[in-house]
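Trainee: Residue numbers (our numbering), protein chains in the order written: chain V, 22 to 408; chain E, 19 to 177.
Careful, some of the hints might be misleading.
[Unchecked claim] Here are a few chain E residues that sit away from chain V, every Cβ distance over 10 Å (derived from the structure):
| id | residue |
| --- | --- |
| 1 | Thr28 |
| 2 | Phe51 |
| 3 | Trp126 |
| 4 | Ala138 |
| 5 | Ser163 |
| 6 | Phe173 |
[To be verified] Partial chain E-side listing against chain V, Cβ under 8 Å, derived:
| id | residue |
| --- | --- |
| 7 | Ser61 |
| 8 | Val62 |
| 9 | Leu176 |
Calculated from the structure, these hints are not laboratory results. A virtual CB, placed ideally from N, CA and C, is assigned to each residue, including glycine.
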Amino acid sequence: MLRKIEFDNFYSFKDKQVIDFTTSKKKGGSYFTSFDGVQISKVMGIIGPNSSGKTNITKLFGFLKYFLTSSTRDQFEGSDTGYKSYAFSGSKETTITAEFETSNYLCVYSVALCPSEIFKETLKIRKLSKYSKYIEVFKRTKDKIVVNKSVIKGVTNKGLSAVKKDVSTVAFLKANYDEGLINEISGYFDTYSTNINEGGFIYTAEERLAEVARIYSRVPKLKGKVEEFMKNFGLGISGFDIKENDKQIQVEAIHKINNKKYSLPIRYESRGTKSLFVDLLDILVCTDLYGKELIVDEIEMGLHPEAVNKIVSFVIDSFSDKKKQFVFASHTFDFLKKFDAQQISLVEKKDNKSEIFRLDEIDVRLGENYYKKYLSGAYGAYPKISV
Amino acid sequence: MVKKRRANKTCLLYGEGGREKIFFNFLIKSRKFKSEFPQWVVSVDNACGQSCGDVLKKCINITSEREYDLVLCFIDTDKLYEDFPRGHKKVKGQLEKKASKYNINIVWQEKNHEDELCRATGGKVCSKPGMKGRLKKHSDCVLRSGFTKNIFKKFRDLS
Chain V
22 MLRKIEFDNF
32 YSFKDKQVID
42 FTTSKKKGGS
52 YFTSFDGVQI
62 SKVMGIIGPN
72 SSGKTNITKL
82 FGFLKYFLTS
92 STRDQFEGSD
102 TGYKSYAFSG
112 SKETTITAEF
122 ETSNYLCVYS
132 VALCPSEIFK
142 ETLKIRKLSK
152 YSKYIEVFKR
162 TKDKIVVNKS
172 VIKGVTNKGL
182 SAVKKDVSTV
192 AFLKANYDEG
202 LINEISGYFD
212 TYSTNINEGG
222 FIYTAEERLA
232 EVARIYSRVP
242 KLKGKVEEFM
252 KNFGLGISGF
262 DIKENDKQIQ
272 VEAIHKINNK
282 KYSLPIRYES
292 RGTKSLFVDL
302 LDILVCTDLY
312 GKELIVDEIE
322 MGLHPEAVNK
332 IVSFVIDSFS
342 DKKKQFVFAS
352 HTFDFLKKFD
362 AQQISLVEKK
372 DNKSEIFRLD
382 EIDVRLGENY
392 YKKYLSGAYG
402 AYPKISV
Chain E
19 MVKKRRANKT
29 CLLYGEGGRE
39 KIFFNFLIKS
49 RKFKSEFPQW
59 VVSVDNACGQ
69 SCGDVLKKCI
79 NITSEREYDL
89 VLCFIDTDKL
99 YEDFPRGHKK
109 VKGQLEKKAS
119 KYNINIVWQE
129 KNHEDELCRA
139 TGGKVCSKPG
149 MKGRLKKHSD
159 CVLRSGFTKN
169 IFKKFRDLS
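Bound conformation, chain E alone:
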């Protein structure tokens, strides 16, 4: 049988809640992503706003049944600081160690996704209501932001 097809590169973007999912879908449907990473197939999933450990646990559960080339697990730091006001650095290290065992990259979101996006876009995209529309309206700004560039770099490194 002639090998006439190439397997796709695969990625899972896993977030804490619905807000991340909207953002991820915006990213992978953007012209920039499609043109730069045409060989990538990206799946999007999310937990439901739980503790950092639970988000990672659910991400591990999902990836154990699948074999992605890249897994990015987005975790908010505000919950980490709240749950572990003193030992958050240690817990962060432990979670990173656990994630690396399963080939999962943790993307720490300073405070939470809402704040991260707000900072990245100079306040243009913040809260969940109407997020889809505002992402579309300020797409250039979002795609040029450091937050987005960091995500794209992870794809570029494996392409």
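For reference, chain V alone in the conformation it holds in the complex:
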């Protein structure tokens, strides 16, 4: 569970920004009370005009997932840590500090890097108990990595000398040593379900259709869930017929008309239907299976605002007794009517620099209608269009 992320020089964000999930004021199903009494919000809705930097916020989560789990795969050409700095300013340092809870530890991970190499990296952990203290797991400088060998056993200096300059120490240790603590930390980021990758690419429903259909075909439980879920959306679809062979996969939506079944290849279905079919995979994996954090950019993709509203409510209800979080960026604002100020973040761009702030940083009045106030422009992060 994420407590806080601080970062700077990341895509459109130049100056230091804080995404804070903690609050000391609230209690209830959409908050998790941690061992030290800190309340952590399970949900955060991000709003702002087009091109304000919302997607770049979701990219940050995608980047952490890639960087801490699979940067050893070397999927980029040359030396590439997998992100772009502000104004693509090459070697200028970017810093990211993430404070998060895994099943057993409160962790503080910090990294200073540029798009081609890592300058500094540290990981500190403490057990989730009141009187525990932070222990440093490793400390990396430009030329050296020092690992606390009482925490991570079996790591040699020779082995550490093989870490590439664009690969995180966590991802390296995970790939090369079967170590419980590192598996837990890397595993935490690996369970992020998101529709955006570290480069910020949002996969459209069409692009993900085959991949998602293959997963539904191989996990009948998930297919059953998505069919059940979609029935409740009044789309007139009673199920899906998925035929898979070595070369291709075919998906047909089953429509029932006067008790007769008709099949229609899914490519002929509406954009909203395809979006629902695809996006529900991430949502159901996260709500029903192993996912820990659900991060969705542009949650409305082709969906009616009421459908978005219901999906948001469904996820929040599903997370009420779980230690999971849901972060989404959206251009539909109904959720402003039900979220607390601590659960709403606004992103706006001034002088070509993005900034993110939580609604409770503004002097909002108690009981204020955030929805109406936001739409009137009172909080900023609202489009200024004069056509």
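Since chain V is already given, all that's left is putting chain E on it; use the hints.
Mentor: Showing chain E alone in chain V's frame:
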């Protein structure tokens, strides 16, 4: 959480047609407005040249979904006189009463916006074609006019 930001003051300028929209955008982008009312965020919208009652109705519909600190609804009187040649005073009163229920200020434009602007600028800015350019050319004159001053006063009263 430290309160480090102040909420903006918000306003809706609602007019009858496209001409008003050009004028409103000119006003809120002017250096005078920006320097005097930096804390204000102004939205601009318009109906499409309908009856006075319809303009107000649409303005009410828009504001019911939003919460502005100030709403100015600009309505032309020529249509009012045309639709209600005898009872226009009564209808005017009724519309004002209805508007005040929704916290809307009606700004009555003598005849119509075109005429109001023409009078305010001594004939320098009148018809719609090329209005943007002429507003820019005679900006000092427009900003000094009584019509503009009255609008700015409404902001000043709430600042």
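Trainee: Work down the list of hints and note, for each, if the structure agrees.
Mentor: Each hint tested on the structure:
The non-interface label for threonine 28 (chain E) is inconsistent with chain V: the shortest C-beta to C-beta separation is roughly 4 Å, within 10 Å. Every CB of chain V is more than 10 Å from the CB of phenylalanine 51 (chain E) (nearest about 13 Å), matching its label as outside the interface. With a least beta-carbon separation of about 24 Å from chain V, tryptophan 126 (chain E) lies farther than 10 Å from that chain, consistent with its non-interface assignment. Distance to chain V confirms alanine 138 (chain E) as a non-interface residue, since its nearest Cβ pair spans about 22 Å, more than 10 Å.
With 10 Å as the threshold on Cβ separation, the claim that serine 163 (chain E) sits away from chain V holds: the shortest Cβ distance comes to roughly 21 Å. Phenylalanine 173 (chain E), annotated as away from the interface, keeps every beta carbon of chain V farther than 10 Å; the closest lies near 14 Å. For serine 61 (chain E), the shortest C-beta to C-beta distance to chain V is roughly 6 Å, which falls under 8 Å, so the interface hint holds. Interface restraint check: valine 62 (chain E) against chain V, minimum CB-CB distance 7 Å, threshold 8 Å, status holds.
Given the 8 Å rule on beta carbons, the hint for leucine 176 (chain E) is violated: about 13 Å separates it from the nearest Cβ of chain V.
Hints 1 and 9 from the earlier list are contradicted by this structure; the remaining hints agree with it.
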